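Chemist: The listed protein sequences derive, respectively, from chains C and S.
All residue numbers for the first sequence refer to this note's numbering, where the first residue is 1 and numbers rise by one.
All residue numbers for the second sequence refer to this note's numbering, where the first residue is 1001 and numbers rise by one.
In case anyone wonders, no lab produced these hints; they're calculated from the structure.
Computed from a predicted structure; not experimentally measured.
Take these hints with a grain of salt, some might be off.
With a Cα cut of at most 16 Å, we get these calculated EDC-like pairs of lysine to aspartate or glutamate [as the list claims (entries may be wrong)]:
no.: 1; chain 1: S; residue 1: Lys1097; chain 2: C; residue 2: Asp26
no.: 2; chain 1: S; residue 1: Lys1070; chain 2: S; residue 2: Asp1094
no.: 3; chain 1: C; residue 1: Lys9; chain 2: S; residue 2: Glu1041
no.: 4; chain 1: S; residue 1: Lys1105; chain 2: C; residue 2: Asp38
no.: 5; chain 1: S; residue 1: Lys1097; chain 2: C; residue 2: Glu59
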Amino acid sequence: NAGVTQTPKFQVLKTGQSMTLQCAQDMNHEYMSWYRQDPGMGLRLIHYSVGAGITDQGEVPNGYNVSRSTTEDFPLRLLSAAPSQTSVYFCASGHPTDTEAFFGQGTRLTVV
Amino acid sequence: GQQLNQSPQSMFIQEGEDVSMNCTSSSIFNTWLWYKQDPGEGPVLLIALYKAGELTSNGRLTAQFGITRKDSFLNISASIPSDVGIYFCAGQWDFNKFYFGSGTKLNVKP
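The task is simple: from the sequences and hints, build the whole structure.
Modeler: Below you can see the structure in the form of structure tokens.
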């Protein structure tokens, strides 16, 4: 039972580099989202999607892009990484009418 | 954005003790959720609360949705070492919008 799978688990980037954090779920969930977790600040919603082809901004969307071409995948793109984007990133999925969100194990990103 | 104030930030307790943590908000939420995060893992849902005044239990865990819809608490009774972790409250006011508290880090001494 894979659930929500995030790759990579760890990544170090240089300022200005781009990269894509991958998220895949095998539970046929319509809803997927990305959060960042910073010390002392809990989790903050970056972007979310209620289905293939539909995305919307969350609380802290600046510097991040998303797309949802399939139900299973919801990649998060950093076009030009900045040190302020150093964080732990979590992907979550669920049904839009269900409050439970299933989280992946996280990607720890460091931008130097 | 929404602000959730979660307290305490951290707790050090002895095994067998009861624990209480709470969350307050300046805004009304339709749903309150409590999650636990183990080291190196994503948060896992413990309890979901859907109505003001609702009191819900899950084993040794009890949580309540405040009457004003602006607060919630979580109690853990007879703590055990595996209760160690970070506990997050989360408020939901729209289908797709969750706001998380900053977390309560629980340490349990055997």
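Chemist: Compare the structure with each hint and give your call.
Modeler: Here's how the hints hold up against the structure:
| no. | hint | in the structure |
| --- | --- | --- |
| 1 | S:Lys1097 with C:Asp26 | violated, 22 Å |
| 2 | S:Lys1070 with S:Asp1094 | holds, 15 Å |
| 3 | C:Lys9 with S:Glu1041 | holds, 11 Å |
| 4 | S:Lys1105 with C:Asp38 | holds, 14 Å |
| 5 | S:Lys1097 with C:Glu59 | holds, 9 Å |
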